[in-house]
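A.B. asks: Taken in order, these protein sequences are the chains called A and B. Quick note on numbering: the first sequence equals residues 1 to 321 in this note's numbering. Quick note on numbering: the second sequence equals residues 1 to 164 in this note's numbering.
Any given hint could be a false lead.
As the list claims (entries may be wrong) - In silico DMTMM-like cross-links for lysine to aspartate or glutamate, where the CA-CA straight-line distance does not exceed 25 Å:
#, chain 1, residue 1, chain 2, residue 2
1, A, K15, B, E44
2, A, K64, B, D129
3, A, K144, A, E184
4, A, K67, B, D129
5, A, K271, B, D129
6, B, K126, A, E56
7, B, K48, A, E268
8, A, K44, A, D262
9, A, K15, A, E43
10, A, K64, A, E43
11, A, K161, A, D262
12, A, K44, B, D45
13, A, K44, B, D129
14, B, K126, A, D24
15, A, K229, A, D214
16, A, K294, A, E148
17, A, K273, B, D45
18, B, K48, A, D262
19, B, K126, A, E290
20, A, K273, B, E44
21, A, K259, A, D214
For the record, the hints were derived by calculation from the structure and aren't laboratory data.
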Amino acid sequence: MPEQYTYAVARIHTKENSMLSAQDMERLLAASGFDEAAGILAEKGFDTVGAENADEILSRERDKTYKLISELVNDMSAFDIFFYQSDFQNLKAAVKSVVTKDKARRIFVDGGTVPKELIDSAVKNREFSDLPEFLQIPAEKALKALMETGDGGLCDVIIDKAYLETLHKAGDASEICMVKNFAELTVALADIRIAVRGSRLGKGLEFFKRSLADCRTLSKDSLAIAAAKGTDELDAYLRTTNYSDVTEIIKESYVAFEKWCDDRLMSEIRKEKSNNFTIAPLAAYILARETELKMVGLILTAKQNRLDISVVKERLRELYV
Amino acid sequence: MEFMNGLGLAFALLGAAISALLAGIGSAVGVGMAGEAAAGVVTEDPQKFGKVLILQLLPGTQGIYGLLIAFITLSQIGVLGGGTAAISLAEGILYFVACLPMGFVGLWSAIRQARAAVSGIALVAKRPDQMGKAIIFAAMVETYAILALLISILSIVGIPALGL
Numbered sequence: 001m002p003e004q005y006t007y008a009v010a011r012i013h014t015k016e017n018s019m020l021s022a023q024d025m026e027r028l029l030a031a032s033g034f035d036e037a038a039g040i041l042a043e044k045g046f047d048t049v050g051a052e053n054a055d056e057i058l059s060r061e062r063d064k065t066y067k068l069i070s071e072l073v074n075d076m077s078a079f080d081i082f083f084y085q086s087d088f089q090n091l092k093a094a095v096k097s098v099v100t101k102d103k104a105r106r107i108f109v110d111g112g113t114v115p116k117e118l119i120d121s122a123v124k125n126r127e128f129s130d131l132p133e134f135l136q137i138p139a140e141k142a143l144k145a146l147m148e149t150g151d152g153g154l155c156d157v158i159i160d161k162a163y164l165e166t167l168h169k170a171g172d173a174s175e176i177c178m179v180k181n182f183a184e185l186t187v188a189l190a191d192i193r194i195a196v197r198g199s200r201l202g203k204g205l206e207f208f209k210r211s212l213a214d215c216r217t218l219s220k221d222s223l224a225i226a227a228a229k230g231t232d233e234l235d236a237y238l239r240t241t242n243y244s245d246v247t248e249i250i251k252e253s254y255v256a257f258e259k260w261c262d263d264r265l266m267s268e269i270r271k272e273k274s275n276n277f278t279i280a281p282l283a284a285y286i287l288a289r290e291t292e293l294k295m296v297g298l299i300l301t302a303k304q305n306r307l308d309i310s311v312v313k314e315r316l317r318e319l320y321v
Numbered sequence: 001m002e003f004m005n006g007l008g009l010a011f012a013l014l015g016a017a018i019s020a021l022l023a024g025i026g027s028a029v030g031v032g033m034a035g036e037a038a039a040g041v042v043t044e045d046p047q048k049f050g051k052v053l054i055l056q057l058l059p060g061t062q063g064i065y066g067l068l069i070a071f072i073t074l075s076q077i078g079v080l081g082g083g084t085a086a087i088s089l090a091e092g093i094l095y096f097v098a099c100l101p102m103g104f105v106g107l108w109s110a111i112r113q114a115r116a117a118v119s120g121i122a123l124v125a126k127r128p129d130q131m132g133k134a135i136i137f138a139a140m141v142e143t144y145a146i147l148a149l150l151i152s153i154l155s156i157v158g159i160p161a162l163g164l
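Produce the entire structure from the sequences given, and follow the hints as far as they go.
C.D. replies: Structure representation (structure tokens):
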């Protein structure tokens, strides 16, 4: 029965009130430094006590979100799809740390579905069977490629493609319509991102075939052929797809394109704001919080390092509330 | 003849029971559903208790209407007055049919009203100043429960005049 999430959704909708609005972001941007920005965040309920950097604040907030959601649903596996990115990021770090003799250790991140220590030890000891199925083959292939060629880029391509394929598969298997759409859109946007970047760098057809992942709204083969032929061909192909509006954005700037990708995902999530009965608003909240924390991290890092605020403004994404 | 009268009384009682049962079930489900949403809001913001409580109670009226129809029916057939009147089979069936609008409309409208109330609770959670509108949205569903109540009352009250 869909009504089984009525309590959880009402609670989440109330929680959305404490999320940062566009005005709050403006206040953060106008703050004179890290301490003032942290003070504004504390007013909005962020745990900033004793935090010395953005990562510490963000990590505490991610924990809070995870605890809240796990309190509301019995089975968190429905939301695994949102945490796979950290697993594959940790897989990259683990594979590279084998070659760099642990120098990549600092790029391990928290918040995946698999403990980072497990990924690290499984790759280091070549015990891939210790890993969940979706990480086993990419781990083995990426490590083999890196050992044989020493090409870190190739290793990244293998793992990134495996991430997109895992995401799409998980999306297809999900019963939550919003999660299905999120997976499809994420993979399609990642493919467009790869095609745009690769096309500008003059990469060949082989690169695109190796990097692009399958999705329903784009033809992987047509996209690869168009991208290999050049930016004009790519532009012409994208105009025939659901993503025709991206062509003008790409011409504007790469930063604008990245912003467009995130905003498109956000507009997909926003549809769940008026849903009061299913699990989808909980999934939307996780993603919305993640976007919010990304923006906060960007601003805090800029404040801490006294970066030009216009650079940050250009990168700010649409918010959920 | 006595058996037919007994059957008439059974039909009339069945009508009263259906009216109270269906409308009561609808209200119980509806108030429960809205209560879950209200509890979700109050967990995060206890100050909104008064506002969400009103919305939670809205789907409860159908149960009261069902009970009212059951009372009127029982009173008409004499069960409440102490001494049952002789109810012919035709009269009994008519009482049964007269109770149906309240039973079925009560059941369905309470559940639909609860969905509107839950959405209203979500609206109040985000914008407490929109409380009036949230109540109006849910109260619109009430119209149809009242129409069913009216038609059931008019039918029940009119049956003795038919002289069957």
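A.B. asks: Hint by hint, note whether the structure agrees.
C.D. replies: Each hint tested on the structure:
no.	hint	in the structure
1	K15(A) with E44(B)	holds, 7 Å
2	K64(A) with D129(B)	violated, 29 Å
3	K144(A) with E184(A)	violated, 29 Å
4	K67(A) with D129(B)	violated, 30 Å
5	K271(A) with D129(B)	holds, 23 Å
6	K126(B) with E56(A)	violated, 29 Å
7	K48(B) with E268(A)	violated, 30 Å
8	K44(A) with D262(A)	holds, 24 Å
9	K15(A) with E43(A)	holds, 15 Å
10	K64(A) with E43(A)	holds, 16 Å
11	K161(A) with D262(A)	holds, 19 Å
12	K44(A) with D45(B)	holds, 15 Å
13	K44(A) with D129(B)	holds, 21 Å
14	K126(B) with D24(A)	holds, 17 Å
15	K229(A) with D214(A)	holds, 20 Å
16	K294(A) with E148(A)	violated, 36 Å
17	K273(A) with D45(B)	holds, 19 Å
18	K48(B) with D262(A)	violated, 34 Å
19	K126(B) with E290(A)	holds, 20 Å
20	K273(A) with E44(B)	holds, 17 Å
21	K259(A) with D214(A)	holds, 23 Å
Checked against the numbered hints listed earlier, the structure breaks hints 2, 3, 4, 6, 7, 16, 18; every other hint is satisfied.
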